[in-house]
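Chains as they are written, first to last, in the numbering used here: chain F, 69 to 345; chain S, 69 to 345.
There may be inaccurate statements among the hints.
Identical copies carry no separate label here, and so any pair may be met within one copy or between two of them.
Unchecked claim - Here are the simulated SDA-like pairs of lysine to any residue, each with C-alpha atoms no more than 25 angstroms apart in a straight line:
#: 1; residue 1: Lys-112; residue 2: Glu-337
#: 2; residue 1: Lys-138; residue 2: Pro-106
#: 3; residue 1: Lys-316; residue 2: Arg-79
#: 4; residue 1: Lys-316; residue 2: Lys-330
#: 5; residue 1: Lys-94; residue 2: Thr-141
#: 6; residue 1: Lys-148; residue 2: Leu-137
#: 7; residue 1: Lys-145; residue 2: Ala-173
#: 8; residue 1: Lys-95; residue 2: Asn-170
#: 9; residue 1: Lys-294; residue 2: Trp-140
#: 10; residue 1: Lys-232; residue 2: Asn-252
#: 11; residue 1: Lys-94; residue 2: Trp-140
#: 12; residue 1: Lys-112; residue 2: Tyr-295
#: 13; residue 1: Lys-340; residue 2: Asn-70
#: 14; residue 1: Lys-81; residue 2: Asn-298
#: 15; residue 1: Lys-138; residue 2: Glu-185
#: 16; residue 1: Lys-209; residue 2: Pro-120
#: 17; residue 1: Lys-71; residue 2: Gly-248
#: 18; residue 1: Lys-232; residue 2: Asp-267
To be clear, the hints were calculated from the coordinates, so they are not data collected in a lab. As the structure is a computational prediction, the values presented were derived from the model and not from experiment.
Residues per chain are reported as follows:
Number of protein chains: 2
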Amino acid sequence: MNKQELFDNIRAKQSFLCVGLDTDIKKIPEHLLADEDPIFAFNKAIVDATAPFCVAYKPNLAFYESLGLKGWTAFEKTVKYIKSNYPDQFIVADAKRGDIGNTSAMYARSFFGEELEIDSVTVAPYMGEDSVSPFLAYDGKWVILLALTSNKGSHDFQLTADEKGERMFEKVLRTSQQWGSDENMMYVVGATQGSMFADVRALVPDHFLLVPGIGAQGGSLAEVCKYGMNSMCGLLVNSSRAIIYADKSEDFAAAAGSEARKVQQQMAEELKLHGLL
Amino acid sequence: MNKQELFDNIRAKQSFLCVGLDTDIKKIPEHLLADEDPIFAFNKAIVDATAPFCVAYKPNLAFYESLGLKGWTAFEKTVKYIKSNYPDQFIVADAKRGDIGNTSAMYARSFFGEELEIDSVTVAPYMGEDSVSPFLAYDGKWVILLALTSNKGSHDFQLTADEKGERMFEKVLRTSQQWGSDENMMYVVGATQGSMFADVRALVPDHFLLVPGIGAQGGSLAEVCKYGMNSMCGLLVNSSRAIIYADKSEDFAAAAGSEARKVQQQMAEELKLHGLL
């Protein structure tokens, strides 16, 4: 999916919501545990209920890997289900990968290869260019590079300023633009970072940003839009726990759909406010 | 395995070699492809041939993940085979993970939980303390934090100096010592970094270092030992491709054993030179 197609989907759905599939066997409704593949059963129901209100899904690899083989099966089934039934949804493999060149090439094959053909993968920048560029070798696929994350630990290294006053996340944003473009790279910027979105936009005015941290982590959608939205929206705002665990009863999917719809309606207002609808 | 036990194993084996299991289905001997699980068949033969000459194995997760379910099966079988047959070997899951707290906790469960009980996992520092600390919650397990990696891209961000002249890898070494100790943390420092080992040792004199980059990547064992060895050796030096792909014929395992033995003999000399044998 290219940038224009993503923006077209955002306008059609009046939403730039990404639903995070952080599916934890310990948190899903009890009645699903009788299913042959409870994780996939949960994801399928969540996707069916939320697809009208979002443009992207972000399965978080950690949650699948922690279940070993069963988890990988559920991950693959989920990706294939979304691709078959909702081909306009943008899929993010939230994997935070990154290693020396030949190893990153293997990770890229895992996510972008023929078996799964996922749209994008999150990548950590610490190891530099040759850890990122193998992911950029796939036409039509996206790297989503960590820049300024939503967690408390983001302050440990990402805000460290160099001799010229440039902070690490700014150096990542600036340097990485030599590796790819706004047609194959996005950046992770946490919703909890508030007005720092303006500093991010000063460096990457045209790139899409993947924004975690609204919902359970407490970031503000209005503030993210105020400082982060651009002429092609430029935002995929993720919510995981607040949507998928909205309810633990047998009505969990309807509750998730309802929560997703609430966020979608706020997003429609923001898109109108910024003249994009 | 604790630090003293690791050092005891190093003295007993006269080796601080870690064999990297970067097993690529495209590079293993052809006759193995007829096996039901070629990746595991290869690893089993490599482990049996090299175990007398090394103290650690480092399966690189990317190589297994890229094969999907089959890869995960081979990874789990390999870990269990090493643990059952060579319980004194230290196992490194080379995964370069790191995410917000609740997600890192899931990754920690994948590697350290009851199913696999791997000794250690490599972790990327970019997201800071709460991305690392969940891995430190497991008694007897180790975090191996990326500090100064062996690849060209290590220069992009790891060498950036802050206003006081402290480079990013130095800040990672210094800051992370508040999170764990030399009994549950090691650091990745690439063999290709040469005399920068002295700068690393100035900050972490007592920690073990996991050192990739000899062999195919060109780093020098003698230089690593000169600047990096401490009173408990303090080094696990990894070689992957130069050992496991030493030969592509049916004699591949014997050739790998022979290469491992050559490295072990150089290591025994270094240990003697530093008064540790």
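#### Entry: Unsatisfied constraints (hint numbers, rising)
1, 3, 9, 10 and 12
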